[in-house]
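Trainee: One letter stands for each residue in the lines below.
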Amino acid sequence: MTTRGLSSGGLCLVLGGARSGKSAYAERRAAETGLDKVYVATSEAYDEEMRERIARHKAMRAEAGWHTIEEPLALAETMAVERGGDRVILVDCLTLWVTNLMMADRDVEAAASGLVEALSETTGQGPVILVSNEVGLGIVPDNAMARAFRDQAGRLHQQIASIAEEVVFVAAGLPLTLKG
Amino acid sequence: MTTRGLSSGGLCLVLGGARSGKSAYAERRAAETGLDKVYVATSEAYDEEMRERIARHKAMRAEAGWHTIEEPLALAETMAVERGGDRVILVDCLTLWVTNLMMADRDVEAAASGLVEALSETTGQGPVILVSNEVGLGIVPDNAMARAFRDQAGRLHQQIASIAEEVVFVAAGLPLTLKG
Amino acid sequence: MTTRGLSSGGLCLVLGGARSGKSAYAERRAAETGLDKVYVATSEAYDEEMRERIARHKAMRAEAGWHTIEEPLALAETMAVERGGDRVILVDCLTLWVTNLMMADRDVEAAASGLVEALSETTGQGPVILVSNEVGLGIVPDNAMARAFRDQAGRLHQQIASIAEEVVFVAAGLPLTLKG
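Chains as they are written, first to last, in the working numbering: chain B, 1 to 180; chain D, 1 to 180; chain C, 1 to 180.
Derived from the structure by calculation, the hints contain no laboratory data.
Check before you lean on any hint, since a few could be wrong.
Claimed, not checked - Computed cross-link-like contacts, EDC-like style, restricted to lysine to aspartate or glutamate with a CA-CA straight-line distance of at most 20 Å:
id: 1; chain 1: B; residue 1: 37; chain 2: B; residue 2: 86
id: 2; chain 1: B; residue 1: 58; chain 2: C; residue 2: 151
id: 3; chain 1: D; residue 1: 58; chain 2: D; residue 2: 36
id: 4; chain 1: C; residue 1: 58; chain 2: C; residue 2: 36
id: 5; chain 1: C; residue 1: 37; chain 2: C; residue 2: 63
id: 6; chain 1: D; residue 1: 58; chain 2: B; residue 2: 151
id: 7; chain 1: C; residue 1: 58; chain 2: C; residue 2: 70
id: 8; chain 1: C; residue 1: 58; chain 2: D; residue 2: 151
id: 9; chain 1: D; residue 1: 58; chain 2: D; residue 2: 70
Note that the coordinates shown come from a computational prediction; the quantities given were computed from them, not determined experimentally.
Whenever a hint applies, use it, and build me the whole structure from the sequences.
Mentor: So this is what it looks like as structure tokens:
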């Protein structure tokens, strides 16, 4: 595990399934840069189960020196403002961001293009690690909303991967390099 | 990305999830052979959503020099007739083919064996690229039909992979070589 | 395909989707050790479909020299009793074990820790191959039970992977090494 592209302000996409260890892997990668750590949490609590999960994750980061920003929607703007050479930004996660955009009835494709553009324009200004759920490897979902969601997530992953220096797939806590 | 087995008339299986970029990857591989391109579309439109998707894909291929054959069921026969050294055949996709067989109440295992046999008998006669969805990495589906479908798809992938020169798993548009 | 960690009494985790060929791969690996083969079946038949599947699998193993132990719950105890240098133990599969624990209203996290401890304490005493389903790569399931199940399975895979000498992901019958 080296810092590769991250050391020169690059972009790393970390994909994985539920409870794959992708977030812990991303946090380790961020810590390895030795820079100040900014955690961009995209999660919004829709129910008690999620509220508890969010609180648990926050508590775990609290002592580890993370500065947390809660941003469910405006990721492109956050990148433009926050990305800098003295810090590493970790966004966890893109699939929740897509969910938030859909719930808020936003144009997901436009938002995705906006994020890709913001990431491209700030290339090299500081390392960014994006975490996202791979959700397209099960049976086709029955409902159209879920199908639209996984289509949007899949397309976003392709777009991000095409401009990332590094793409890693995490399973059982173990990284598999797809790019970089 | 080389043409490896494809250059000598071999067989390549491209697996991936929904919106993984597997079809675009397969189309690039086909184009790299420099041969005439035959696109075997297995899709049938059951509703408006699919009709639009099919039309969109066709429009995208129209200008790129593909000769399209629509064949929802008789893939083995299509292989026997179409495979030849002057062209590359791309079949997109096997999972829709399995769906079509099940909808038409055909014997899927017999059809799968027939396709594997047709591919074996025509080995080396011209490159063939088969695209298929990996659908077995989610929670066990509630309904028996979906369970039967993913069992059939998984078994077919194993059979095809065992005779393929190359097997590639595509995620976020990036290929990962499983064989070849 | 070498015996690597297995040859020195090590632990191998084999992950894969439905009908991925993970069990056949694990059985091949076990056979390659040349040791006596103990098959720990965690499956319990809840319906006719499962009863038939279990019977089919048993029939296939019958002639291949396996000694089968049916153990739906007490895997840690089985490890402590059965692991030894003269035999290879194959457990198929951990996801069914998690299901059984949940159905029996047991504390899954405590059981998982117990298994990890039993495996650690018996390290080097004989090769163990654990098969499990990767279930976290589809859409978030609608029901809370299924979400809890895939969380438990994912956490267990991370724990086991961290102490395993070898972790393999199987797709279309083909192994991809994640560790080892």
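Trainee: Residue 58 of chain D and residue 70 of chain D were given as a pair; does the straight-line alpha-carbon distance stay at or below 20 Å?
Mentor: 11 Å, holds
Trainee: Holds or violated: residue 58 of chain D and residue 151 of chain B, Cα atoms, limit 20 Å.
Mentor: 18 Å, holds
Trainee: With the threshold set at 20 Å, check whether the alpha-carbon distance from residue 58 of chain C to residue 151 of chain D stays at or below it.
Mentor: 18 Å, holds
Trainee: Can the restraint linking residue 58 of chain B and residue 151 of chain C be considered satisfied, given a maximum Cα separation of 20 Å?
Mentor: 18 Å, holds
Trainee: For a C-alpha distance cap of 20 Å, please report whether residue 58 of chain C and residue 70 of chain C respect it.
Mentor: Given pair residue 58 of chain C, residue 70 of chain C holds - Cα atoms ~11 Å apart, limit 20 Å.
Trainee: Hey, residue 37 of chain C versus residue 63 of chain C, does the alpha-carbon distance stay inside 20 Å?
Mentor: Between residue 37 of chain C and residue 63 of chain C the Cα gap is close to 12 Å, so the pair holds against 20 Å.
Trainee: Run the distance test for residue 58 of chain C versus residue 36 of chain C: straight-line Cα separation, threshold 20 Å.
Mentor: 17 Å, holds
Trainee: Is residue 37 of chain B close enough to residue 86 of chain B, meaning Cα to Cα at most 20 Å?
Mentor: Given pair residue 37 of chain B, residue 86 of chain B holds - Cα atoms ~9 Å apart, limit 20 Å.
Trainee: Does the alpha-carbon distance linking residue 58 of chain D and residue 36 of chain D stay inside the 20 Å limit?
Mentor: 17 Å, holds
Violated hints: none; the structure is consistent with every hint.
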